[in-house]
Amino acid sequence: MAIGKSVAVATLAVFALLFVSAHAEVFFEENFDDGWEDRWVKSSFKGSDEGTWTTSAGKYYGDADNKGLKTTTDYRWYDISAKTPSFDNKGKTLVLQYTVKHEQNLDCGGGYIKLAPQGVDQSKFGGDSEYSIMFGPDICGYSTKRVHVIFTYNGKNHLIKREIKPETDEKTHIYTLIVKPDNTYEVQIDLKKVQDGSLYDDWDMLQPKKIKDPKSFKPDDWDEREKIDDPEDKKPEGYDDIPKQIVDPDAKKPEDWDDESDGEWEAPMIDNPEFKGEWKPKKISNPAYKGKWVAPDIDNPDFVDDAELYAVVKDNGLVGFELWQVKAGTIFDNILVCDDPEYAKAQAEKYIVPFQKGEKEMKEKADKEEAEKRRKEEEERKAREALEGDDDDDDDDDDEDDEDDKKTEL
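Numbering (the working numbering), first residue to last: 1 to 410.
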């Protein structure tokens, strides 16, 4: 029964995947297998400062033959792109998913991917090239550690206002962006939601619906003083006559003081404990206080609503990377652009998650072996030091014996 049940479950899983596949439209997919160099164009945008790309599974992997696109040279720009069939995301969900592996323990550099429209020159693809979406991790020191989600809307690039932290270790991670026709979005890392919300709220692509009335001004009689001087509080008589300093009453003229040679002796001055500084009346609540004046909101005449705010991809033509890296070694792989989040998830679970598991096991084994190697080296070092210490003690004993022999001879 158990075997039959397992077969039934497996059969259902296969049918479920086939069902998802049948209903998903895949716009672009890349795993950097054989022939990838025929599909991708390396840009000359930065001339001799362009870095060299290669493919690699990395130091640790779940499958040695599952290679990704890797940056190789430190302090270089990396600009590369591949053509896609023309597509847009009007009236449909858009999913952009890929993997990033900062195997070099990246300290400063980008790891994001871009979608660009038809007409962009691949040979000069770079930072000045037009794009519709920029998505992925960006790390530089301690100050910059975030996942970018940038949409180009009406010719301007708009960065998400909410902060999303990227993964910063040396393992492979899945980054997924989902943009929906109801003008909502979701960002996932390793198939787990890390941020979601409204395109209206989390970007400033549209003008605000309400603005402060520019023709409204604070009334002259508007009192913003929360506290005022107490009009009933009066300065005490003689308050201003109290000196700030007085002669020290405890000071005594030194016995050896000579008025003729030292001059007339004067007692030193000290701070007057009765002096309280400038008098100020106490504060009381202002009965006329109206609070801080704020201009009233009015409808923004420049606001134009857009029910299709999500449809930022129009006539897409390229998928590409446009990066600067101080320390190279990042591996990109498993690029998928489609219209079905469930299909993207199923593909990741089938191909990427097993790779991540194997990668983790391989790294843990290597770390364990390295720790054991360091432990043995430390033991050997201590043994050598102990042996050298014994030799020094023997030399000291020999020196003492020689000294005793000399004394006996004398």
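Calculated from the structure, these hints are not laboratory results.
Glycine included, C-beta positions come from ideal geometry on N, C-alpha and C.
Certain hints may be false.
Claimed, not checked - Simulated crosslink set (BS3-like; lysine-lysine; CA at most 30 Å straight-line): (1) Lys280 - Lys165; (2) Lys212 - Lys165; (3) Lys59 - Lys193; (4) Lys345 - Lys83; (5) Lys67 - Lys83; (6) Lys192 - Lys90; (7) Lys244 - Lys280; (8) Lys193 - Lys327; (9) Lys171 - Lys314.
Said to hold, decoys possible - Quick list of the computed label-pair ranges, beta carbon to beta carbon: (10) Gly389 - Cys140: 47 to 55 Å; (11) Lys171 - His23: 56 to 64 Å; (12) Trp293 - Cys140: 36 to 44 Å.
Provide an ascending list of the numbers of those earlier hints which the structure does not satisfy. Hints 1, 2, 9 and 11 are the ones this structure does not satisfy, whereas the remaining hints hold.
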